[in-house]
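Protein chains: 2
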Amino acid sequence: MRQLNIGICGLGTVGSGVLSVLQNNADIIREKSSCLIHVTHVATRNTNHGCNVENIQFSNDIFEVARDSDIDLVVELIGGTSSALELVMLAISNGKHVVTANKALIAEHGTSILQAAYEANVIVAFEASVAGGIPILKSIREGLVANKINWLAGIINGTTNFILSEMSSKGRSFESVLEEAQKRGYAEADPSFDIEGIDASQKLSILTSMSFGMTLPLDHLFTEGITKIPLKDVYFAKELGFTLKHIGICRDHGEQIEARVHPALIPDSSILSSVNGVSNAVMINGDAVDTTLYYGPGAGSTPTASSVIADIVEVAKSDKNAYSSLGFPVEKLCQRKMLDIDLVECGFYVRFTVVNETGVLSKITKIMADSALSIESIIQRDVEDDSNRVDIVLLSSKTTQSNLSPVLRKITELDSVSDEFVILRVEYLDN
Amino acid sequence: MRQLNIGICGLGTVGSGVLSVLQNNADIIREKSSCLIHVTHVATRNTNHGCNVENIQFSNDIFEVARDSDIDLVVELIGGTSSALELVMLAISNGKHVVTANKALIAEHGTSILQAAYEANVIVAFEASVAGGIPILKSIREGLVANKINWLAGIINGTTNFILSEMSSKGRSFESVLEEAQKRGYAEADPSFDIEGIDASQKLSILTSMSFGMTLPLDHLFTEGITKIPLKDVYFAKELGFTLKHIGICRDHGEQIEARVHPALIPDSSILSSVNGVSNAVMINGDAVDTTLYYGPGAGSTPTASSVIADIVEVAKSDKNAYSSLGFPVEKLCQRKMLDIDLVECGFYVRFTVVNETGVLSKITKIMADSALSIESIIQRDVEDDSNRVDIVLLSSKTTQSNLSPVLRKITELDSVSDEFVILRVEYLDN
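So the protein lines, in turn, are chains A and B.
In terms of the numbering used here, the first sequence opens at residue 8 and continues consecutively.
In terms of the numbering used here, the second sequence opens at residue 8 and continues consecutively.
Hints may contain errors.
Copies of the same chain look alike in the list, so a pair counts if it works inside one copy or between any two.
Said to hold, decoys possible - List time: in silico DSSO-like cross-link candidates among lysine-lysine, alpha-carbon distance up to 30 Å:
no., residue 1, residue 2
1, K339, K239
2, K190, K327
3, K177, K344
4, K405, K327
5, K370, K235
6, K155, K327
7, K245, K344
8, K245, K177
9, K417, K155
If you're looking for bench data, these hints aren't it; they were derived computationally from the structure.
All chains, please: the whole structure from these sequences, using the hints.
Next up, the structure:
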């Protein structure tokens, strides 16, 4: 039976989950995988980890694990990108495989880490870095290996999905749900990493690289969070047959790659619109398989541990030469030109207010028609105050921001139109 | 670069899909997998296959492929269980790996096929046999390897899901949708294989075996189709907040295994209820990961080809000793005792008619209460005819058929109650 000695660095939420699942499910993991996974060394500065570390070498210094000559594989679960990078590079240079759940590390330094791993003939695996317990990277890399991936769209941040789900189902404001999310541990004290879309953009960077065989495009992703979403627009979206979600989307245009993270209206007929709460889901369109979707918990101690351990077993069973972390051999990863966000095609939801007077709507629709911009739906609704203004909501068919902007400028020039616009993208997910 | 010579037996819908995807995506498959997949031999009696077989040896006799000494792997896509079994066994005994999409073959003969493969040190892989293009077997086998699987529930037959989706969304009768499904090629001229649940039960057999490490339990699965579903019940279900789906479900009870295929009410809050049309989806609950779901096309030429080719690449890359087709080593697969369907716990939907007279409902609810059977919801609605009868719909909390039956017998004894009951199971999918 194959044996693998592993060292775990970090015994926080994920690290303690990995250790406990390896201990509790030792028999079934051995039986299924025909591998013996021995945790021989753990390192943490956290003295309150609550884990059973009997018969396991214990260090306060994580680098001790990477230097331990008995260890075949280092599990990096300390987070951050500074010490983690140093640890992973040391492990690789000492000929050890690495499994990590660290999306920031991979999104920022993945290309150089994988290059180092390639040269040292070791594996670096990071299933848990995207969409927690969902085996999404394995599915793209192996399950869909026969496909040219056309596009991918995912709900890949549980915090923002929880907030938008609660706003939509219970009519609560962004601020009130955020506060609850913080109380329930779904959002950090400083929530900006999640709600500004940074977490999602790191994950999308990994998914984009893996879908199209390119270097990690983190610095080139358009990223927008959900802090500016009024409840009113969640409801107008619903009325139009859409659900507002924070999504990451990437698409192969041949010469250029499109990749972006932002809130978007998703048709209620798409299964992606039914993904609620802290769950994650990734929808992938491949040229042979058409569209598949992978759904599950995007975070949490034992769900994330499930993915970390799947990686450990894969390392134990894999032929090192046959494994490509990003689904393409690292030496084949190339830079791709990114499509400017202004040139990305999608539908647009536009809301603004006008003075409630005869003829305004016809002026607006004429401007749209003159610009050859077709309108899918339109809502006109009294604003609930004494202002004699109405909300106008327009849903455009597919176009680009650079086509839309001059039209909106013309609309603004009308006397009765406010100059504040709410603009959201609409993803039909239909091709 | 690894090379694999393969022979394809059968150039029907799936076989021609496999050949064309291998040809059209040859570059990307080679690049992603670092493997060269050569189709060196095809065999079919179908002269109208429309495939490009230039430079490929062509036989009318499928057994020629299994005897071809240049071939490393035989792709069995002829269907059926007679010649297919003979072909697969011949290929194995000639030391060739086998990839198949044949669920009937695996469900009926999988245990002996895998035993023969184990002895010959070759791989038999069958991702495409369950849920078409969705990489579901790989996800259970590898992605969720760290988990003890608690239960699994899936929509694994596209024909029945199409029929129920259309009935629900458009108010059409079973017969009318079946006719359309046949016209559109979603159902065979003789549709009984799909609508009686046989196809789903073969797939569930494979999923059950893989989830719990047991021999294939096909002969012991409770199987019920959708031919007896009145449209009225689809609507009552909807009113109660449920969607009627044809599902396969299996669960590990420790001493016994529960596995069954039948129509069931699924809560609208579950993402499984949003799976419409010919799509498939499988929901899996594991002790570490909690619940994940895998969604996509359950059939079709190139979606199924996507899974067949993923298997071929996996065979090319795998260490033969480290691969277990069913996720557990074949020598570890054991028989498990199956739980009698009458003892399976679930909710029940019961509809019957009573004469519309004072006091009937209270007699019925008293019988339920006396039997300690709690009612989650109740609907009373006039029958749309001149009969002065009303439909009564009861939704019970979780119980068993053997607890329910005596209660229903007592209700039947009431003067005003019809003796025709519609009984459907309710799956809350909550643990």
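Against the structure, the hints come out as follows:
1. K339 - K239: For K339 and K239, neither the intra-copy (47 Å) nor the inter-copy (58 Å) Cα distance is at most 30 Å.
2. K190 - K327: neither (44 Å within a copy, 50 Å between copies)
3. K177 - K344: The answer is neither: 42 Å in one copy and 46 Å across copies each exceed 30 Å.
4. K405 - K327: The answer is neither: 45 Å in one copy and 49 Å across copies each exceed 30 Å.
5. K370 - K235: within (28 Å within a copy, 57 Å between copies)
6. K155 - K327: both (24 Å within a copy, 27 Å between copies)
7. K245 - K344: neither (36 Å within a copy, 49 Å between copies)
8. K245 - K177: For K245 and K177, both the intra-copy (13 Å) and inter-copy (21 Å) Cα distances are at most 30 Å.
9. K417 - K155: Close neither inside one copy (41 Å) nor across copies (61 Å); limit 30 Å.
Checked against the numbered hints above, the structure violates hints 1, 2, 3, 4, 7, 9; every other hint is satisfied.
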